[in-house]
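Turn these sequences into a full structure, and let the hints guide you.
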Amino acid sequence: MLTITDPKVNSSLTPGPARLGRPGQGLAPPTIGSVDALLTGLAAVVGVLVGAAAALAFRASERSQRVPPDELPVPTLPGGAADVLALLGASTVVLDTEDRVVRASPAAYSFGLVREQRLLSDELLELVRGVRRNGEIRERELELPRGPFGSATRAVLARVAPLGSALVLVLVEDRTEAHRVDAVRRDFVANVSHELKTPVGAMALLAEALADAADDPEAVRRFAGRMQHESDRLTRLVQDVIELSRLQGHDPLASPVPVSLDDVVAEAVDRSRLTAEARGINVVSGTVRGLKVMGDARQLVTALGNLVDNAVRYGPEGSRVAVSVTETGGPGGRVAEISVTDEGPGIAQAERDRIFERFYRVDSARSRDTGGTGLGLSIVKHVAAGHGGEATVWSSEGTGSTFTLRLPVAAGSEGRT
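Residue numbers (our numbering): 74 to 490.
Simulated from the structure, these hints should not be mistaken for lab results.
Honestly, I wouldn't trust all of these hints.
Pairwise CB distance ranges (calculated) [stated by the list, open to error]:
{"hint": "1", "residue 1": "R407", "residue 2": "D305", "range": "36 to 46 angstroms"}
{"hint": "2", "residue 1": "V262", "residue 2": "R344", "range": "53 to 63 angstroms"}
{"hint": "3", "residue 1": "H252", "residue 2": "V357", "range": "39 to 49 angstroms"}
This structure is a prediction, so every number in the text was calculated from the model and none was measured.
Note that CB positions come from ideal geometry on N, CA and C, so glycine has one too.
Spelled out as structure tokens, the structure:
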């Protein structure tokens, strides 16, 4: 180790605080200790700066690898796919790897499937992610809510399939109407079965009673009369079921012909003439003559005949039934209104919304007595809808009812009073 023995040198290098020189001589030279401390401090500062730079570089690299989903490039549809999707009738949605909506049909938005580039249904998202995992096409029937609140749902058939390497296609077909028709068909079959049981069972019981009362002429006549009544009721029910089935299978506007409302009214009134005379009911008609509508004459006679028949059957004896035809204006042009007004007991407000339903009766006991099947007004409604019109009812309890068929007037038809 080198030892410095010169006192002057030693005194100049003695550790201690730096000394200021005399005026005009500048700073005193640093000692060995102060140099070491300075180097140590500089090394520490450099280390901190290097560490900070490394941390910033790591974070910058991490940020470059984690781009927010909204900043990722949006995949494009394969060539021609957009044109094919536009031709599909179902609601279509295309999603990318981040579950963003790349493309959605207008039907998907109106259906409530998509909002702000997001698929709203968690069940559909589950299907999408399953397809993205294994690439297999999936299909499932789902119940989706109709709106943001309430318990009403839509029945849909969802198909999810991969579209290219980065996209997933969702097809949603609304099956609500098909399910409703199936339910109506099941109810119709069940109702028909129930309605047929009543007269058939009654006739079986009456036949047994008739056999037991063979020695009693009065009982035989009474039971035979009841059997005739139940037979007529069964015949009317079968006829109405056949008529309704035929109406459902025939579109009157597929090959329409001009139909004179004068002839329709005359034939419908004539069908109920005998029943009206037997009950002392006066059926009168007043029409705007010459009006015509496009459609099927037989269906229109059946519909109006049901209205007149109901008015005659349910009106009090000795009352009056009025059939009228008027012309009014509507948003789509001229409208013919065929109205049947009775003086019956009227219909309660709670019943009016349901009287056009199949097999619905306001008074079941009275319908059994009069032979009603509960299908007459449903046939009226079906015929009106099939001709581009509607069937309506106005009623006041205790004063009677007015049923109206509203139908578009045929072009060129000139009515006269």
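Verification of the hints:
no.: 1; hint: R407 <-> D305: 36 to 46 angstroms; result: holds, 40 angstroms
no.: 2; hint: V262 <-> R344: 53 to 63 angstroms; result: violated, 29 angstroms
no.: 3; hint: H252 <-> V357: 39 to 49 angstroms; result: holds, 46 angstroms
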